[in-house]
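A.B. asks: Protein sequences appear in the order of chains D and R. With positions in the first sequence counted from 1, the corresponding number in this note's numbering is that position plus 1. With positions in the second sequence counted from 1, the corresponding number in this note's numbering is that position plus 137.
FYI, nobody ran anything at the bench for these hints, they're computed from the structure. In this text the structure is predicted, and so the values were computed from the model without any measurement. Glycine included, every Cβ here is placed at the ideal spot set by N, Cα and C. Heads up, a few of these hints could be off.
Unchecked claim - If we take Cβ atoms under 8 Å as the criterion, some of the chain D residues that face chain R in the derived model are:
{"id": "1", "residue": "K6"}
{"id": "2", "residue": "R61"}
{"id": "3", "residue": "R64"}
Stated by the list, open to error - Negatives, chain D to chain R, calculated, CB over 12 Å:
{"id": "4", "residue": "P66"}
{"id": "5", "residue": "E70"}
{"id": "6", "residue": "E71"}
{"id": "7", "residue": "I72"}
{"id": "8", "residue": "K89"}
Below are the chains, spelled out letter by letter.
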Amino acid sequence: MALTKANMTEQLYDELGFNKREAKELVEMFFEEVRSALEAGEHVKLSGFGNFELRDKSERPGRNPKTGEEIPITARRVVTFRPGQKLKARVDGYARSK
Amino acid sequence: MTKSDLIEILSERQSLLNYRDVELAVKLILEQMSESLSGGDRIEIRGFGSFTLHHRPARIGRNPKSGESVTLDEKFVPHFKPGKELRDRVNNAAGL
């Protein structure tokens, strides 16, 4: 089962006693503030979880996989995520638990 | 932006919750996300992106100092795929 904003909202309600409206608003704002920071060109470092970084890619040649036609892939800025040591170690435990 | 910057911004932007509550909430959200991934579950946040695990098969590695071969077990690593809104906003604001 995938974790969604609804599960996060519910947890804030269950464990911190937030009311539904507060919980929903906080979860929305959490992701919106991370998006805004990245949009403003800032890296986001969430210790224990990981870092969201930005990379500027220059234009490169590409191809339409259907038609085979050559089309340039334009220069763009992309978001990358680098998991922190703690998250990597926890996720790594999943392989051993199986 | 760090986790404490995020907590600060969130407590300023809304009036319902105090700093301490926001701090607990941010930590709880991140803990729930880590917990899901470490249990092999994916995370899906529309407009933000999804986190999944990528499998890395076992392989023979080499100690770069001694040149000795070492067996590396299979493992899973977290992977993030940005959602459309995040991709577009970041790229449009960059103006490359």
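A.B. asks: If a hint holds in the structure, say so; if it doesn't, say that too.
C.D. replies: Verification of the supplied hints:
A hinted interface residue such as K6(D) counts as satisfied when its beta carbon comes closer than 8 Å to some beta carbon of chain R; here the least separation is about 6 Å, so the hint holds. Given the 8 Å rule on beta carbons, the hint for R61(D) is violated: about 13 Å separates it from the nearest Cβ of chain R. Of the supplied interface hints, the one on R64(D) is violated, with its beta-carbon coming no nearer than about 21 Å to a beta-carbon of chain R, more than 8 Å. Even its closest Cβ contact with chain R, about 19 Å, leaves P66(D) beyond 12 Å, as expected for a residue assigned away from the interface.
No beta-carbon of chain R comes within 12 Å of the beta-carbon of E70(D); the shortest separation is about 23 Å. With a minimum CB-CB distance of about 21 Å to chain R, E71(D) clears the 12 Å threshold, and the non-interface call stands. Every CB of chain R lies more than 12 Å from the CB of I72(D), the least distance being 17 Å, so the non-interface label holds. Here K89(D) does not stay apart from chain R, with its beta-carbon only about 7 Å from theirs, under the 12 Å limit.
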